Amino acid sequence: MDVMIGKRLNDRYKIVKMIGGGGMANVYLARDIILERDVAVKVLRLDFAHNEEFIKRFRREAHSVTSLSHSNIVNIYDIGEEEGIYYIVMEYVAGLTLKQYIQQKGHLSVQESVDIMEQLTSAMAHAHHCEIVHRDIKPQNILIAPDGTVKVTDFGIAIVTSATTITHTNSVLGSVHYLSPEQARGGLANKKSDIYSLGIVFFELLTGRPPFSGESAVAIALKHLQNETPSLKRWNDSVPQSIENIVLKATAKDPFYRYNSIDNMKEDIMTALQPERMNEPKFFVPEDVDATKVMPVIKDDMFDTHVDETIVHHTGEKPVVSEKAPVTDKKEGKKGKFKLPAGWKKKYSKIIISLTAFIIISAILMFTIFPKFMFPGEIKVPDVTGMDYDKAVAELSSKGFVLNEPKQIHDEEVEEGKAIKTDPIAGANVKEKSSITIYKSLGKKKGEMNNYVGQQYTDIKDTLESKYKSVDVTEKESDKPAGEILSQSPTSGKEIVDTDTELKLVISKGPPKVKMPNVSGWTLSNLNGYAKDNKLKVEAKEEYSETVEKGVIISQSPAPNAQLGPGETIKVVVSLGKKETPPKKITRTVEVKYEPSEPDKPQTIEVYIDDLNNDMKEPVKKESITSTSTVTIPITIPYGKEAKFKVVRDGKVYAEETIPYSAE
Numbered sequence: 001m002d003v004m005i006g007k008r009l010n011d012r013y014k015i016v017k018m019i020g021g022g023g024m025a026n027v028y029l030a031r032d033i034i035l036e037r038d039v040a041v042k043v044l045r046l047d048f049a050h051n052e053e054f055i056k057r058f059r060r061e062a063h064s065v066t067s068l069s070h071s072n073i074v075n076i077y078d079i080g081e082e083e084g085i086y087y088i089v090m091e092y093v094a095g096l097t098l099k100q101y102i103q104q105k106g107h108l109s110v111q112e113s114v115d116i117m118e119q120l121t122s123a124m125a126h127a128h129h130c131e132i133v134h135r136d137i138k139p140q141n142i143l144i145a146p147d148g149t150v151k152v153t154d155f156g157i158a159i160v161t162s163a164t165t166i167t168h169t170n171s172v173l174g175s176v177h178y179l180s181p182e183q184a185r186g187g188l189a190n191k192k193s194d195i196y197s198l199g200i201v202f203f204e205l206l207t208g209r210p211p212f213s214g215e216s217a218v219a220i221a222l223k224h225l226q227n228e229t230p231s232l233k234r235w236n237d238s239v240p241q242s243i244e245n246i247v248l249k250a251t252a253k254d255p256f257y258r259y260n261s262i263d264n265m266k267e268d269i270m271t272a273l274q275p276e277r278m279n280e281p282k283f284f285v286p287e288d289v290d291a292t293k294v295m296p297v298i299k300d301d302m303f304d305t306h307v308d309e310t311i312v313h314h315t316g317e318k319p320v321v322s323e324k325a326p327v328t329d330k331k332e333g334k335k336g337k338f339k340l341p342a343g344w345k346k347k348y349s350k351i352i353i354s355l356t357a358f359i360i361i362s363a364i365l366m367f368t369i370f371p372k373f374m375f376p377g378e379i380k381v382p383d384v385t386g387m388d389y390d391k392a393v394a395e396l397s398s399k400g401f402v403l404n405e406p407k408q409i410h411d412e413e414v415e416e417g418k419a420i421k422t423d424p425i426a427g428a429n430v431k432e433k434s435s436i437t438i439y440k441s442l443g444k445k446k447g448e449m450n451n452y453v454g455q456q457y458t459d460i461k462d463t464l465e466s467k468y469k470s471v472d473v474t475e476k477e478s479d480k481p482a483g484e485i486l487s488q489s490p491t492s493g494k495e496i497v498d499t500d501t502e503l504k505l506v507i508s509k510g511p512p513k514v515k516m517p518n519v520s521g522w523t524l525s526n527l528n529g530y531a532k533d534n535k536l537k538v539e540a541k542e543e544y545s546e547t548v549e550k551g552v553i554i555s556q557s558p559a560p561n562a563q564l565g566p567g568e569t570i571k572v573v574v575s576l577g578k579k580e581t582p583p584k585k586i587t588r589t590v591e592v593k594y595e596p597s598e599p600d601k602p603q604t605i606e607v608y609i610d611d612l613n614n615d616m617k618e619p620v621k622k623e624s625i626t627s628t629s630t631v632t633i634p635i636t637i638p639y640g641k642e643a644k645f646k647v648v649r650d651g652k653v654y655a656e657e658t659i660p661y662s663a664e
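Residue numbers (our numbering): 1 to 664.
Calculated from the structure, these hints are not laboratory results.
Fair warning: there could be bad hints in the mix.
To be verified - Straight-line C-alpha distance at most 25 Å; calculated DSS-like pairs for lysine-lysine:
no.: 1; residue 1: Lys249; residue 2: Lys504
no.: 2; residue 1: Lys535; residue 2: Lys476
no.: 3; residue 1: Lys476; residue 2: Lys461
no.: 4; residue 1: Lys585; residue 2: Lys621
no.: 5; residue 1: Lys550; residue 2: Lys480
no.: 6; residue 1: Lys446; residue 2: Lys476
no.: 7; residue 1: Lys445; residue 2: Lys431
no.: 8; residue 1: Lys480; residue 2: Lys249
no.: 9; residue 1: Lys446; residue 2: Lys535
no.: 10; residue 1: Lys461; residue 2: Lys418
no.: 11; residue 1: Lys513; residue 2: Lys266
no.: 12; residue 1: Lys621; residue 2: Lys641
no.: 13; residue 1: Lys593; residue 2: Lys644
no.: 14; residue 1: Lys601; residue 2: Lys584
no.: 15; residue 1: Lys646; residue 2: Lys621
no.: 16; residue 1: Lys571; residue 2: Lys621
no.: 17; residue 1: Lys504; residue 2: Lys515
no.: 18; residue 1: Lys461; residue 2: Lys515
no.: 19; residue 1: Lys579; residue 2: Lys593
no.: 20; residue 1: Lys571; residue 2: Lys532
no.: 21; residue 1: Lys480; residue 2: Lys444
no.: 22; residue 1: Lys407; residue 2: Lys446
no.: 23; residue 1: Lys494; residue 2: Lys513
no.: 24; residue 1: Lys431; residue 2: Lys480
no.: 25; residue 1: Lys99; residue 2: Lys282
no.: 26; residue 1: Lys578; residue 2: Lys641
no.: 27; residue 1: Lys494; residue 2: Lys585
no.: 28; residue 1: Lys541; residue 2: Lys585
no.: 29; residue 1: Lys641; residue 2: Lys579
no.: 30; residue 1: Lys445; residue 2: Lys407
no.: 31; residue 1: Lys407; residue 2: Lys431
no.: 32; residue 1: Lys446; residue 2: Lys431
no.: 33; residue 1: Lys646; residue 2: Lys584
no.: 34; residue 1: Lys418; residue 2: Lys407
no.: 35; residue 1: Lys494; residue 2: Lys541
no.: 36; residue 1: Lys476; residue 2: Lys550
no.: 37; residue 1: Lys535; residue 2: Lys504
no.: 38; residue 1: Lys282; residue 2: Lys233
no.: 39; residue 1: Lys601; residue 2: Lys585
no.: 40; residue 1: Lys541; residue 2: Lys515
The structure presented is a predicted model; accordingly, all values stated were derived computationally and were not measured.
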């Protein structure tokens, strides 16, 4: 059983099962227990875990891809090392490799092949813009999801073209069926090598097989070097000429005749199925140059310009020349012998020497002094790359060339109006008065500026910074939400070159803010008016106060001088005034004796009260008694005050009392 199954890396990634393997690493399905998602974990094989070269290559893959962010390139989530296990955590793509997909379907339709190639060229154009060369593009390193989305993976032998410390010259890396001729010779892979490999992949999509096969890797590599790419129509006669031309151009043996960039290849693919292109002329590499050209080991600087410096790049090796010695028929020689007359031997020798000298001198004169009279004149095509077009025309005209109409093309490196290259190429030896075509630069390809007004800057910040030369942001108060883009320069629709554009944006700081006043002592009505004028909200609660009168604001939040924006809330406490203590309710009882002035005569009893409810002006109770009786008197005393009552019998005060609030 695989020791990795069930293992948990970084206490986070639980290995579930192996889903793939390669030369130096295995790939596992794992579960990210923190984010609760499936991931793919690429683990350096344990037998390579102590090999510094493989560790460096493995780490290089991780660092190469982390600099890329594209929908058609597998995302890298995490990298690490734990107990000698080197791993890369990647996006998990449920689906098949492109190789498996092709094997299932035999070959794909032209339309589906084009759709896949548009995605692949988009992904690799992004990698090349980031100066990453894949060097191992093949269907096995391309994933296809059920919805048709294509993802490029396995940058294990990728190089950063600007980092000279990790290039690997004279090393053959990559898979032989998709290997460019320069890689097969042990030269340095470059962006045009990726273009070649993409052309081979396109061939396989359309035919179900790679163009070259053989009994050994060496045999296949030799075919990449020596054999022209076969016609796709041999296996799929439905392929239009425009599509075949893309494959032929991408897989040209000489990198010079391939696409200048993957962007150019992508543009060609996107228009290949337009009706006017379906039956275009077949693409051919010019024979007069290609037939005599010695293919060198490709050097780093071979593609620094758009033309070859020389036709033959010397490698220091002597050419192998097959020579056959003249055959002498010995038998015939014997029969043909005759004896010279006496004295002729010496004379004959002088004649031979003189004749030989004459031939040698004539040959020297023929090849040095009189070549124009002996052979048609040849001239070398000068290098006019980077010259102003008019200057290039003058230079070539002065050499005797007949100028054709220029071909105007976009170029990422050569300025507009300057010469990119010539056809025939610089350094070629051609007949005098030959016609020549200058490729004139239209400069970098321009596109329309996008409209970013109304979008949230934070949502597109990373995209803008990767797309344009620079992004300058200023803030401005506005009624628009904070962070919303208010204006841009260049404006939308203007033709620009993305990588040369300095984008300037004005974004909203949000609505202007007001200073919070000190509202203590304001009424709630005053505050509500202020809040309405400044688009603020008010939240109020009430409390009793011994010092602040009812209806007046006691406290506030936020504090005075704080900055408030529209929609923010002011919280206040409003006074209910003093909290009143409830009145006291008491009861008094008075025994009134029956003492009539005459026997059996009733006596009149009256009760008067001065309290919260009564004012002593009228009796609250009046009755007649004929015997001693008890009178009950209910009294309500206001807080902090006093109450009184009196009992009157037959017009005379019988009993009275003053009762203070605190007494009870």
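Do the hints match the structure? See the list:
With a CA separation close to 40 Å, the supplied pair Lys249 and Lys504 exceeds the 25 Å bound. For the given pair, Lys535 sits about 19 Å from Lys476 by alpha-carbon distance, which is consistent with the 25 Å threshold. The suggested pairing of Lys476 with Lys461 holds, with an alpha-carbon distance near 18 Å, which does not exceed 25 Å. As the CA atoms of Lys585 and Lys621 are separated by approximately 18 Å, the hinted pair is consistent with the 25 Å bound.
Annotation: proposed proximity of Lys550 to Lys480 is violated, straight-line Cα distance about 40 Å (limit 25 Å). For the given pair, Lys446 sits about 31 Å from Lys476 by alpha-carbon distance, which is inconsistent with the 25 Å threshold. For the hint linking Lys445 to Lys431, the alpha-carbon distance of about 35 Å lies beyond 25 Å, and the restraint is violated. Between Lys480 and Lys249 the CA atoms are separated by roughly 52 Å; this puts the pair beyond 25 Å, and the hint is violated.
The hinted pair formed by Lys446 and Lys535 fails the criterion: a straight-line CA distance of about 46 Å is larger than 25 Å. About 35 Å separates the Cα atoms of Lys461 and Lys418, which puts this hinted pair outside 25 Å; it is violated. For the suggested pair Lys513 and Lys266, the alpha carbons sit about 51 Å apart, so the restraint of at most 25 Å is broken. In summary, the hint linking Lys621 to Lys641 is supported, as the alpha carbons are separated by about 23 Å, within the 25 Å threshold.
Between Lys593 and Lys644 the CA atoms are separated by roughly 21 Å; this keeps the pair inside 25 Å, and the hint holds. Of the supplied pair hints, the one linking Lys601 and Lys584 is violated, its CA atoms being roughly 38 Å apart against a limit of 25 Å. Proposed proximity of Lys646 and Lys621 is supported: the alpha carbons are some 11 Å apart, at most 25 Å. Between Lys571 and Lys621 the alpha-carbon distance is near 54 Å, which puts this suggested pair outside the 25 Å criterion.
The suggested pairing of Lys504 with Lys515 is violated, with an alpha-carbon distance near 31 Å, which exceeds 25 Å. At most 25 Å may separate the alpha-carbon atoms for a hinted pair to count; Lys461 and Lys515 exceed this at roughly 32 Å. Proximity of Lys579 to Lys593 is assessed by CA-CA distance (about 44 Å); at most 25 Å being required, the pair is judged violated. With a C-alpha separation of about 14 Å, the suggested pair Lys571 and Lys532 falls inside the 25 Å cut-off, and the hint holds.
At most 25 Å may separate the alpha-carbon atoms for a hinted pair to count; Lys480 and Lys444 exceed this at roughly 37 Å. Between Lys407 and Lys446 the CA atoms are separated by roughly 18 Å; this keeps the pair inside 25 Å, and the hint holds. Of the supplied pair hints, the one linking Lys494 and Lys513 is violated, its CA atoms being roughly 36 Å apart against a limit of 25 Å. Of the supplied pair hints, the one linking Lys431 and Lys480 is violated, its CA atoms being roughly 70 Å apart against a limit of 25 Å.
Distance check on the hinted pair: Lys99 and Lys282 sit about 28 Å apart at the alpha-carbon level, beyond 25 Å; violated. A threshold of 25 Å between alpha carbons decides the hint, and for Lys578 with Lys641 the separation of about 17 Å falls inside it, so the pair holds. The straight-line distance between the Cα atoms of Lys494 and Lys585 is roughly 89 Å, outside the 25 Å bound, and the hint therefore fails. A hinted pair counts as satisfied when its Cα atoms are at most 25 Å apart, and Lys541 with Lys585 does not qualify at roughly 32 Å.
Of the supplied pair hints, the one linking Lys641 and Lys579 holds, its CA atoms being roughly 16 Å apart against a limit of 25 Å. About 15 Å separates the Cα atoms of Lys445 and Lys407, which keeps this hinted pair within 25 Å; it holds. As the CA atoms of Lys407 and Lys431 are separated by approximately 22 Å, the hinted pair is consistent with the 25 Å bound. For the hint linking Lys446 to Lys431, the alpha-carbon distance of about 39 Å lies beyond 25 Å, and the restraint is violated.
Under the criterion of a C-alpha separation no larger than 25 Å, the hint pairing Lys646 with Lys584 is consistent with the structure, at around 19 Å. At roughly 12 Å between alpha-carbon atoms, Lys418 and Lys407 fall within 25 Å of each other, so this suggested pair holds. Pair hint Lys494 plus Lys541 does not hold up; C-alpha atoms about 57 Å apart against a cutoff of 25 Å. A hinted pair counts as satisfied when its Cα atoms are at most 25 Å apart, and Lys476 with Lys550 does not qualify at roughly 43 Å.
A C-alpha spacing of about 31 Å is found between Lys535 and Lys504, which places the hinted pair above 25 Å, so the restraint is violated. Straight-line distance between C-alpha atoms of Lys282 and Lys233 comes to about 12 Å, which keeps the hinted pair within the 25 Å bound. Taken as a hint, the Lys601 and Lys585 pair is broken in the structure, with Cα atoms around 35 Å apart against an allowance of 25 Å. Between Lys541 and Lys515 the CA atoms are separated by roughly 22 Å; this keeps the pair inside 25 Å, and the hint holds.
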